[in-house]
Amino acid sequence: MPIIVYRRNKCIGCNYCTEHAPEFWRMSKKDGKSVLLNSVEKSGRWNLRITEADVEANRRAAEACPVKVIEVSG
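Per our numbering: the sequence shown = residues 350 to 423.
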């Protein structure tokens, strides 16, 4: 099953991920960084398992990220 790995501490809050995959990403009102919805934090990385159907939108989000803090594997 594919997984998204997100390094939130490096996020610059550009909002591109929310534009490409809004059902997975939101902008935090507290610090202006992206939030990977329903993800689990482990060792400073936020992880979320996704279906094959959700890979394309999240790969677009990862490619659009100017600081490359989003990885989609699988």
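Honestly, the hints are just simulated from the structure, not real lab data. Treat the hints with care, since some could be wrong.
Said to hold, decoys possible - Straight-line C-alpha distance at most 30 angstroms; calculated BS3-like pairs for lysine-lysine:
(1) Lys379 with Lys391
(2) Lys417 with Lys379
(3) Lys378 with Lys359
(4) Lys378 with Lys391
(5) Lys378 with Lys417
(6) Lys359 with Lys391
(7) Lys359 with Lys417
(8) Lys382 with Lys417
(9) Lys359 with Lys379
(10) Lys391 with Lys417
(11) Lys382 with Lys359
Item checked: Distance restraint between Lys378 and Lys417, which requires alpha-carbon spacing of 30 angstroms or less -> holds, 22 angstroms
Check: Holds or violated: are the alpha carbons of Lys391 and Lys417 at most 30 angstroms from each other?
Finding: At roughly 18 angstroms apart (the allowed maximum being 30 angstroms), Lys417 and Lys391 satisfy the hint.
Notebook entry, point to check: Lys417 and Lys379: Cα distance at most 30 angstroms?
Noted result: holds, 22 angstroms
Notebook entry, point to check: Would the pair Lys379 and Lys391 pass a check requiring their Cα atoms to be no farther apart than 30 angstroms?
Noted result: It holds: about 21 angstroms lies between the C-alpha atoms, which stays within 30 angstroms.
Margin query: Does Lys391 sit within 30 angstroms of Lys359, going by the straight-line distance between their CA atoms?
Written below: Given that 30 angstroms is the threshold and the Cα spacing comes to 15 angstroms, the pair holds.
Checklist line | Given pair status - Lys359, Lys382, alpha carbons within 30 angstroms | finding: holds, 9 angstroms
Margin query: Just to be careful, I want the Cα atoms of Lys359 and Lys379 compared with a cutoff of 30 angstroms; is the pair within it?
Written below: Answer holds: Lys359 to Lys379 is near 16 angstroms, not above 30 angstroms.
Check: Is Lys378 close enough to Lys391, meaning Cα to Cα at most 30 angstroms?
Finding: OK: Lys378 and Lys391 at ~22 angstroms, within 30 angstroms.
Next item on the list: Mind checking the alpha carbons of Lys359 and Lys417 for me, to see if they're no more than 30 angstroms apart?
Entry: holds, 9 angstroms
Check: If you draw a straight line from the CA of Lys382 to the CA of Lys417, is it 30 angstroms or shorter?
Finding: Satisfied, since the Cα-Cα distance of roughly 14 angstroms is no more than 30 angstroms.
Margin query: Hinted pair, alpha-carbon criterion (30 angstroms max): Lys378, Lys359. Please report holds or violated.
Written below: Between Lys378 and Lys359 the Cα gap is close to 17 angstroms, so the pair holds against 30 angstroms.
The structure meets every hint from the earlier list without exception.
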